[in-house]
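Those protein sequence lines, which keep their order, are chains H and X.
Oh and the first sequence: position 77 is 77 in our numbering, straight run, nothing missing.
All you need for our numbering is the position in the second sequence, starting with 1, plus 1000.
Computed footprint of chain H on chain X; a stretch qualifies when at least three of its residues, placed anywhere within it, have a C-beta under 8 Å from a C-beta of chain H:
(1) 1003-1012
(2) 1034-1046
(3) 1143-1152
(4) 1239-1253
If you're looking for bench data, these hints aren't it; they were derived computationally from the structure.
Every residue, glycine too, gets a C-beta built ideally from N, C-alpha and C.
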Amino acid sequence: MPDLITSDGNIRQDNWAVVPRPADGDSLDIPDQPSLIPADLWLAGKEHFENRDDIGVWLDSHEEPEILAGVVNELPVIAVNFPKFSDGRGYSTARLLRERLNYRNELRAVGDVLLDQLQFMKRCGFDTYVLRADKDINKAARCLNFFTQGYQAATDTDVPLFRRRAS
Amino acid sequence: MYVYDEHDRQMAAERVAQFRDQTERALAGELREDEFLPLRLQNGLYVQRLAPMLRIAVPYGMLRSAQLRRLARITRDYDKGYAHFTTRQNVQLNWPAIEDVPDILAELAEVEMHANQTSGNCIRNTTTDQFSGVQADEITDPRPYCEIIRQWSTFHPEFAFLPRKFKVAVNASEHTDRAAIQVHDIGLQMVHNDQGELGFRVHVGGGLGRTPMVGPVIREFLPELDLLTYLEAVLRVYNRYGRRDNKFKARIKILVKALTPEGFAAKVEEEWSHIKDSPTRLTAEAINQFKGYFTEPDYQQVPDVTDSLATQRFENREFDQWISHNVDDHKKPGYTIVTLTMKKTGTPPGDVSDRQLEQIADLADHYSFGEVRVTHQQNVVLADVRKDKLFELWQAITPMGFATANLNTLTDVICCPGGDYCALANAKSIPVAEAIQRQFDDLDFLYDIGNIDLNISGCMNACGHHHVGNIGVLGVDKKGQEFYQISLGGSSHHDAAIGKILGPSFARDDMPEVIQKIINVYVDHRTEEEPFLDTYRRIGIEPFKERVYA
Chain H
1 MPDLITSDGN IRQDNWAVVP RPADGDSLDI PDQPSLIPAD LWLAGKEHFE
51 NRDDIGVWLD SHEEPEILAG VVNELPVIAV NFPKFSDGRG YSTARLLRER
101 LNYRNELRAV GDVLLDQLQF MKRCGFDTYV LRADKDINKA ARCLNFFTQG
151 YQAATDTDVP LFRRRAS
Chain X
1001 MYVYDEHDRQ MAAERVAQFR DQTERALAGE LREDEFLPLR LQNGLYVQRL
1051 APMLRIAVPY GMLRSAQLRR LARITRDYDK GYAHFTTRQN VQLNWPAIED
1101 VPDILAELAE VEMHANQTSG NCIRNTTTDQ FSGVQADEIT DPRPYCEIIR
1151 QWSTFHPEFA FLPRKFKVAV NASEHTDRAA IQVHDIGLQM VHNDQGELGF
1201 RVHVGGGLGR TPMVGPVIRE FLPELDLLTY LEAVLRVYNR YGRRDNKFKA
1251 RIKILVKALT PEGFAAKVEE EWSHIKDSPT RLTAEAINQF KGYFTEPDYQ
1301 QVPDVTDSLA TQRFENREFD QWISHNVDDH KKPGYTIVTL TMKKTGTPPG
1351 DVSDRQLEQI ADLADHYSFG EVRVTHQQNV VLADVRKDKL FELWQAITPM
1401 GFATANLNTL TDVICCPGGD YCALANAKSI PVAEAIQRQF DDLDFLYDIG
1451 NIDLNISGCM NACGHHHVGN IGVLGVDKKG QEFYQISLGG SSHHDAAIGK
1501 ILGPSFARDD MPEVIQKIIN VYVDHRTEEE PFLDTYRRIG IEPFKERVYA
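With the hints as constraints, model all of the structure from the sequences given.
Put into structure tokens, the structure is as follows:
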């Protein structure tokens, strides 16, 4: 299992598996380790996963986070998949999970996660990142911290610069 | 104009350091080309036909003389001694070396300039009317709002990887639209509502390119304090639902069309209802702070009408023509707005040398409080010129090549760099502009035929805004040969319209004669004082077709 980057730039061991969506007709095969399963399948079989702190979900970039409205905080981990780093839907998904659905637990970026996108993910509420395997994890802290502030309010701050200036 | 505070300076410096790091990793092979691509594009860096191209942001077209001098120095030290004013009020360098770009950005940051988001699938430079703040018929000065949008959109973490590029334009004039807002992804028209409150009419989904469209209104009145939350709602709906499967169907206009303007507006309203009272909502205090950067300069008491100006005009026909065409009314008695035309025949439209950039800086210092504005027609405006200095100014700029009195006429061509520079182009555009300028070299004839927008693009991406030219020219590639398609009847103003294609395309050598025939049809059919566009709308495209393809 790859190492995990946290939003403060630290690296930690991780053993969560992302379970791919089974092909039509196949059943979901959950491995014997903490697992992230497709969010809609978790919803469909929710009663089986009651009080399981080793089962979380993942949302693909086209999936709507609103399907998890009201139940987000039953999940220990929600992952959002970036099928391609240039697909920016996951940033909106993250903000909606945090700011609209009030999700408080771990929000993880998975998929085509590269160094130069980490700063945006952090501001949108992701707190862990699984960097694509060929990228140098030791550069993550630097890439997370090029900027000491931003102009806008986002998940990380509800005070946009124009309000800080005025005070 | 806006001046950086410590926050802006810090972020500008951090951005330079970040791009330096990204460039080093790219050159070291740690970033694949497709991974570096959006990073460099969001810093304005293209890889072009002959060399890289760097597009430098000029927020809503405003430049100070010190910035012009720095640009001049950069073109000398890092480029070939010239720059190009673009159709989105920005500046381009055609020959920088990739490894020099971080140094260029550092030099720009020293004079409060940058290349942020001048390309890529993100929110681009916000544009506006070049006469903002100095014209009489203005709801209010739109520039503080442009700066508010600039700051909100800069490094916005949610909207750095949109389906496609995104352009916002603001207009505040009641009777004119020099910012072409209806052909932008978001066009904001400043208005007062029935209660006299200030706000915006919001157009979404206009644009040029492959599927040209005039943007429908999705909200008749948006109160000014709600500007950013509403923009955020529009962008979020677009980011979530805009098409990503096909680059040519990824602009917001396709989404607006698919959902219908009403359906799209409903989605935006729903999203907005959740965030309209969020901390992103503007405050009156914040708006006033931004307005404080755009206060009136130190205008002097200058006589509005003088005998000497009348005499100078009477005695000098060329000066008189220049005043009639290149000088506009100012809200302040005794002052005028002067447009320096960058359209001298034989020079690519919008191109300026390092020396000319410095001359413009000197002119700004001497005649216009040290500031200029770049126009989307690729000219440069001195917005605050004393009437009693006009003759002196005209004498100064004539040898510099800035006094060609063809503003808004047929030869004030809007033109992209085209196949001479751009890797995307199907055909050259600059030689076509020049050939047409040579064909119509008689100023009296140009004045007689009145204002005509002639816009030339070298490809479908429409950087030369050909769809909204009264006469539009589009370069196309036919089996490796350059051909040119003509459209008629476009407009980028309040009566915005997309031009209609005339018919089969023409070889480059035929273009001056084809344009001549189109003008001849107009001259034959026009009634007294009728502008080209009105004649076209009255008689339709058929008479033009008959003559051109006879």
